[in-house]
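Spelled out, the chains give:
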Amino acid sequence: MFTQENLILQRPEPSGNGGVQFLYEVKGYGILAINPPMEEISQLHWEVDVIKFTDVDKYKFEVCHTTELANKTLVFYNDKTFNEFLLKAFDYFKELDKLEKML
Amino acid sequence: MSDSKLYIKEMPADWVPGRDKQKVVSPEYMFHEAPREQVFITGSEAAREAIRRSNVDIAISYPITPQSETMQQAGYLYDEGYIGEYYRAEEEIGTMSAIGGSSRAGIRSLTATSGPGLMRGMEAISSWPGARTPLVLLNMCRVINTPLAIQPDNIEMSFLINSGLIMLHGENQQDFYDYTMAAFMISEQVDVTLPVSVSVDGFFVTHARGNVKMQADDLKLPPRDGWRSAVPAMDNENPPARISRDAPIQKSNFISYHMHASWQQEVFAATERAKKYINNYLGGIVEIINPDADVMLIASGAAVSQSREAVRQSSELGIKVGLIKVKAIRPFPKAELREACKNVKQILVPEFNQLGWLHKEVCSNLFGFTDAQIAPGPRVYGGMTMPTEMILEWLEEGRKDKPWFFQDPF
Amino acid sequence: MAHDNLTPSPGYLEWLPIEYQDLVNLGPYNREKKPKVTDMGKFKEIIEEHPMCAGCAMTLFIRLAMIAFPNPEHTIIVGTAGCGRLAISQASIPFIYGNYGDTNSVASGLKRGLDQKYPNQPKDVVVMAGDGGLIDIGFQGLMHSWFRQERFTTIMLDNEVYGNTGGQESGMTAQGQVLKMAPRGKVTGKIDAMSLAKVAGVDYIARIAPTNPSRVARTIRRAVMIAREVGPTYIQAYTSCNIEYAIPTGDVMQDAFDMEKERYGFEEVISDKAKAYLDEIEKKPAKKAKK
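Which chain is which? The protein sequence lines are P, C and W, in order. The numbering used here numbers the first residue of the first sequence as 560 and each following residue consecutively. The numbering used here numbers the first residue of the second sequence as 1305 and each following residue consecutively. The numbering used here numbers the first residue of the third sequence as 6 and each following residue consecutively.
Hints in this document: simulated from the structure, not taken from any laboratory. Fair warning: there could be bad hints in the mix.
[Said to hold, decoys possible] Cβ-Cβ distance ranges computed for the label pairs, FRET-style:
id : chain 1 : residue 1 : chain 2 : residue 2 : range
1  : W       : M199      : C       : F1572     : 29 to 35 Å
2  : W       : V204      : P       : H604      : 28 to 34 Å
3  : W       : T43       : C       : P1367     : 50 to 56 Å
4  : C       : Y1380     : W       : A59       : 56 to 62 Å
5  : W       : Q121      : C       : F1572     : 27 to 33 Å
6  : W       : K185      : C       : N1542     : 37 to 43 Å
7  : P       : H604      : C       : I1623     : 34 to 40 Å
[Stated by the list, open to error] Some chain C residues close to chain P (C-beta under 8 Å, calculated; not the full set):
id : residue
8  : F1335
9  : H1336
10 : A1338
11 : S1348
12 : H1511
13 : R1513
14 : G1514
15 : Q1610
16 : R1616
17 : T1689
[What the hints assert, rightly or not] Restricting the straight-line Cα-Cα distance to at most 25 Å, the calculated cross-link-like pairs of lysine-lysine (DSS-like) are:
id : chain 1 : residue 1 : chain 2 : residue 2
18 : W       : K122      : C       : K1313
19 : W       : K280      : W       : K203
20 : P       : K631      : P       : K586
21 : C       : K1327     : W       : K122
22 : W       : K41       : W       : K280
23 : W       : K185      : W       : K195
24 : P       : K647      : P       : K631
25 : P       : K611      : P       : K647
26 : P       : K617      : C       : K1624
27 : P       : K619      : C       : K1309
28 : C       : K1624     : C       : K1649
29 : W       : K122      : C       : K1325
30 : P       : K639      : C       : K1517
31 : W       : K185      : C       : K1313
Yeah, the Cβ is synthetic: ideal placement off N, Cα and C, and Gly gets one too.
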């Protein structure tokens, strides 16, 4: 399994393509992750975006490809690397929050 | 081909089959009390784990996309000794006939198919209920019509509706896991003694990962008792069952209609009797969200997932929308729906098929029991996706007071 | 249904109908005094009453087969639509009447199921179906059950016509025969099911006409025993349809003799493994077949 910490919402992927969408939030930033259905089971993978929330309570956010974490949609082929990324991202968001407050 | 390529595995003499190491627990303990651990797995894997804990005696397979993955997994379970017997049959008529044969031997029997395979096996499948053969058919829905496609579309379920089978329709991986295990127990109740189909929408459930809370894998359900049955096992250990013996049944082309009529009545009465077990093992035949809402979504299968999100997003807009998840198509939760919809103003029925078979079921069962307008949709089919937005748009159209909106275009 | 199960409590038997007494005292379930086909008519058979046409050779064959079953109390018959099932379903042996042409698939699942459920009690599964049921609509299941080496007996009641549906030609009808659906005479020949069985590796194959009751009994017994211990077995029995082929009732047996001479002679094909097994059980008739 992967961490459920900071997980604020899991829901059926709203565009209808299937799979469960996971929304993590730390200090206004977050991670949007989906493991979509694949025709071949062996192709299953995580698609992960870094996001910036515009309204956390209503789960409104924008894709954020300008952090040092990722400048594009990331792909992870197993839960372990996905989880490692999540933990790394959480720390990064906390650091980012501190830096932003300094400005 | 050289002999070195020949590989037929012989199990060592001291081999202990996996299921011999499991502990039998009652269905009540298994379904309601046993501690569970959450994993994130595909629907096919969820089915495998359900089968592992279901004490299955025989699984007969035949490949078809998207089902194949599951029965391959069943093959590995056989190799590990969690299933007593396993083989790949000649095609689906053969598969469905053979599984009917193994069930008559009094052992717990499982098979699975998808769309066109279901159609091919249909003659045999539709004879299972009359033969009173408890067994479980997993059905991973897929397009059946020409032009050929492998996309999810559950129109095939409409062909099962009046066959006499008990039909469960799972929403997600968790349902596929829970319903499969429960299906064996429901199927083998004396006052039921019927085959149970567990349908899920292909790919969305089978080939996608979801959260599944599972019991420990060293537990298994009690074995089947083939004599504890409305029509006992045809094993020649008890007098031949009525279906093979009594004067008017199956003996003549011209004196059997009276018997046949009462036999059919009994089959459909037995599906109704299954309701109490469905209620017990699945925690209710329906799940209702926001029961006091004026607008209700009624859905089964993957359409429930999309509806859940529509309900959530509506609440963000300050609009209360209700949702009734229909877990069983046969027996149909007639009374439950009538009760839940008596004060409802509008009903929408999101579906993954062109026909709208659930819409027809809802209309015919609610007729005279509600004043609600019932919209024929939204529907997607042929593998189209159903975005949450689509359901939200339909809900919005419904609020505009346009009578034609509620008329079935077909 | 073992003999024990049929036998009522002491003192009660004499109050039961005479037919039932005969079944207990003289019937084929009585292991001590198992009747022979030559005693036919002197004991209560597993099947006596039936709605078959007068003079039906198929009925004779079915009755002989049921007398010959080595363990009728542990036998299950699988059939399909056709004349045969009208008689077979009257027997005190469980009869699975499935869908059109599904016999050998049903029997595959059934036999594997029974083997699993009763590892120490052999259960004999016998498919008894017509030529159309097996070679036409049931062809795929038939062939695959042989290829898979399923351990049960297939008996084709070959009357060379769809009798029950009113006389249409089947795959087993001989070339040139005029029947319904073959208004100009059947264009192609009789399907060589014997050769198909050979190619598929069936362990015991026999073609037979019901001219010699003892030989019918021996063939049935061999087929059932070999299916139990070795592999698939197949009996193709000529069981004429005196209605559709307009054979006068009194001439049915003569027809069988003529047919046997002409193109339905007795033939037995036995695999080496089956031969070895037969040697073992037939040389020591005093001993019961090994469990």
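### Task
Go through the numbered hints given earlier and state which of them the structure violates, listing their numbers in rising order.
1, 2, 8, 9, 10, 27 and 31
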